[in-house]
Amino acid sequence: MRRTAIAVMCLAIAAPAFAHTGGELAGGFAGGFTHPLLGLDHIAAMLAVGLWGAFLGMPAMLILPVVFPLVMALGGVLGILGIPLPGIEIGIAVSAIVLGLMVALAAKPNLWIAALLVGIFAVFHGHAHGAELPEGADAVAYSHGFVIATGLLHLAGIGFGLLAQWPAGRIAVRAAGSLIAIAGLVFLGRLI
Amino acid sequence: MKFAAFAAAIVVLSAHAAKAHVVIPGVSGFPGGLVHPFLVLSHALALVALGLLAGAQPARLRIALIAIFIAGTALSFGLVTLAYSTDQAELVVLALAALTGLAVASGCNVPFAAAAAIALGLSGAILFDSVPAVPSVRATQLTLSGTTLAAAAMIAAIAFISAALPAFWQRIGIRIAGSWIAASAILVLALRLAKL
Numbered sequence: 001m002r003r004t005a006i007a008v009m010c011l012a013i014a015a016p017a018f019a020h021t022g023g024e025l026a027g028g029f030a031g032g033f034t035h036p037l038l039g040l041d042h043i044a045a046m047l048a049v050g051l052w053g054a055f056l057g058m059p060a061m062l063i064l065p066v067v068f069p070l071v072m073a074l075g076g077v078l079g080i081l082g083i084p085l086p087g088i089e090i091g092i093a094v095s096a097i098v099l100g101l102m103v104a105l106a107a108k109p110n111l112w113i114a115a116l117l118v119g120i121f122a123v124f125h126g127h128a129h130g131a132e133l134p135e136g137a138d139a140v141a142y143s144h145g146f147v148i149a150t151g152l153l154h155l156a157g158i159g160f161g162l163l164a165q166w167p168a169g170r171i172a173v174r175a176a177g178s179l180i181a182i183a184g185l186v187f188l189g190r191l192i
Numbered sequence: 001m002k003f004a005a006f007a008a009a010i011v012v013l014s015a016h017a018a019k020a021h022v023v024i025p026g027v028s029g030f031p032g033g034l035v036h037p038f039l040v041l042s043h044a045l046a047l048v049a050l051g052l053l054a055g056a057q058p059a060r061l062r063i064a065l066i067a068i069f070i071a072g073t074a075l076s077f078g079l080v081t082l083a084y085s086t087d088q089a090e091l092v093v094l095a096l097a098a099l100t101g102l103a104v105a106s107g108c109n110v111p112f113a114a115a116a117a118i119a120l121g122l123s124g125a126i127l128f129d130s131v132p133a134v135p136s137v138r139a140t141q142l143t144l145s146g147t148t149l150a151a152a153a154m155i156a157a158i159a160f161i162s163a164a165l166p167a168f169w170q171r172i173g174i175r176i177a178g179s180w181i182a183a184s185a186i187l188v189l190a191l192r193l194a195k196l
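Residue numbers (our numbering), protein chains in the order written: chain A, 1 to 192; chain B, 1 to 196.
Simulated from the structure, these hints should not be mistaken for lab results.
Worth double-checking, as some hints may not be accurate.
Partial list, computed: chain B residues near chain A (C-beta under 10 Å) [unchecked claim]:
{"hint": "1", "residue": "Ser42"}
{"hint": "2", "residue": "Ala182"}
{"hint": "3", "residue": "Leu193"}
{"hint": "4", "residue": "Ala194"}
Cβ coordinates follow ideal geometry from the N, Cα and C atoms, glycine included.
Next up, chain B with everything else stripped away, as it sits in the complex (with noise of 0.2 Å):
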């Protein structure tokens, strides 16, 4: 019973008011979760920028990488679950989206660890901006979860084939497409911090 009353107390103070991306109306469920990183640009930003900071990781530390990131959305799926929520998840996506494409662009060598963080909370944000604005847990699940699969297939896909890649295109391509997702993201961070 007291357990029933915190969490009641948690449930009031941290429910905002919800951002969910509709991206195809009447898509909603399982479906509506695997379309919903590809069609949402600042999520797919911020997941092709850590797909392509794992193609640059040793092929270990790449599974190790994205292994991380599904415990992370696991995770974040419990709060979830226990009625955690906050309406701030999308400026940390563009904050980390930024973050990954600057360390990209620089062509520097990220320790794992910063790799791994990075990876983490990434998870938990795009989770966090993925809750559908309904009221059902089944639907919330069956979303989520799509979401979650979608999301780690799809920096699954972009490490391994970024890892693939020709040197030459590893040194540019990969460099220069880091630098316009920081761009992106930099410039839509400002402009969702300004109107706050």
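Bound-form chain A, shown alone (with noise of 0.2 Å):
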């Protein structure tokens, strides 16, 4: 008894609560899914990812989409943190040069090369992503929503690259770089 009534004093002396509203968070989660496909670089950069880890094959086809979200998130912390990091515009325009580029000429690096060269260019979009992060209780919608919009866009990259196991499919998905690099210069060339 005198425990229950302990228990009582305890959860009536409680603030009011920081409520989650339904609203919040479904408005959380379009915001964040709608953000990465609002920007044509980023756009441009998700697919080349999806379409170079296709044409390079397993276990690329597997380890980019799972290494470009994961290193995204350091770079997104590095925004939230307001830890400056000089040329992020600079540094998606040219992510979108060079992925593209690696899928037009058809390169096929070590593992690791693309690995490492995918999260380098991750940490360029999470930080742009991170320092736009809301402060509100909506974050965790927000986050995932364009986490996974940012997934979806490599998947759609990797099942239009897994047409290069055909000759003719082959050139549209070279095509398709080429045009991604060729954004990516017209991006660049707007910074500039």
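Build the complex from these two chains, which are given one at a time in their own frames, with help from the hints.
Structure follows, in structure tokens:
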């Protein structure tokens, strides 16, 4: 009885709840999900990661989409903590150029080189996302939304990249890589 | 009497601002507890990650891991009833979600002892973070009962579904899901810690 009374007292003196509502959750997720989809530079680089992964085959097709979000999160932490990173936008544009060229040239370096390259670029993308992460209660939904959108762009790239199994598909995939590299040049030109 | 005084001191020392999640206004008690783990994304992320981790274990250890999680929630249930509380439970949930997601993404064979420690820690963190902000022991007990049931069911469902997936999806899909969970949890954890 005493324990019950004490428990009631404890609950009674608790401060008002910082509530999460369904609306915030939905809004946060939608905001995060659309964030990578509204930036052409992000889309180009994400698709290129998937295309290159598919082009390289297993285990790169598995490793690159796993490495990218994890390193992107570390870049995001830098952005959240306000640690400056020079040339964020340039890095993002260069990522589209380099990754697009890797696909266009059908480059097949060692897996660790490919993972390192993708990881370096992931830091720039993550920093840009992290710096814009909302501070409100819907941060979980927002971050999950943009991680999922990023991952789905990778999967879309992998899906298209699997066409490289056939000769005509290989040409189409390399052409897509060329287009991504050209788009990256345009993004870079706008920044300079 | 001494016990009551001691307990009262603990109550005062450990009482913090309640950070309960009112996911659907008006839905409380047992139904509120049932939907809580599904609609609070940080909890859902952590539970999915633990389910995937359990799914990678052999069948007997998988069941043992789910049982450890349930035992942990029962223990935490008792502590909450004894008026223990914390306002940092969400940080622990996020940290364990990140750790578990990384373990799943790495594809390494996680020792059962480590998986059990994660399950135990997560059960406590989720339960403490699910205490409703209502001054009623009965409502608290009903809510936490619902949360325990839903969380255990979610882990069990994901563990057995992921274990039954074809090898290709176990190699690719589960590891990618783990990396997504870890990335989300790391970002939100950093955001929360930056604001402390």
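Now for the hints, and whether the structure bears them out:
1. Ser42: 5 Å, holds
2. Ala182: 6 Å, holds
3. Leu193: 9 Å, holds
4. Ala194: Where the cut-off is 10 Å and the nearest Cβ of chain A is about 5 Å from Ala194 of chain B, the hint holds.
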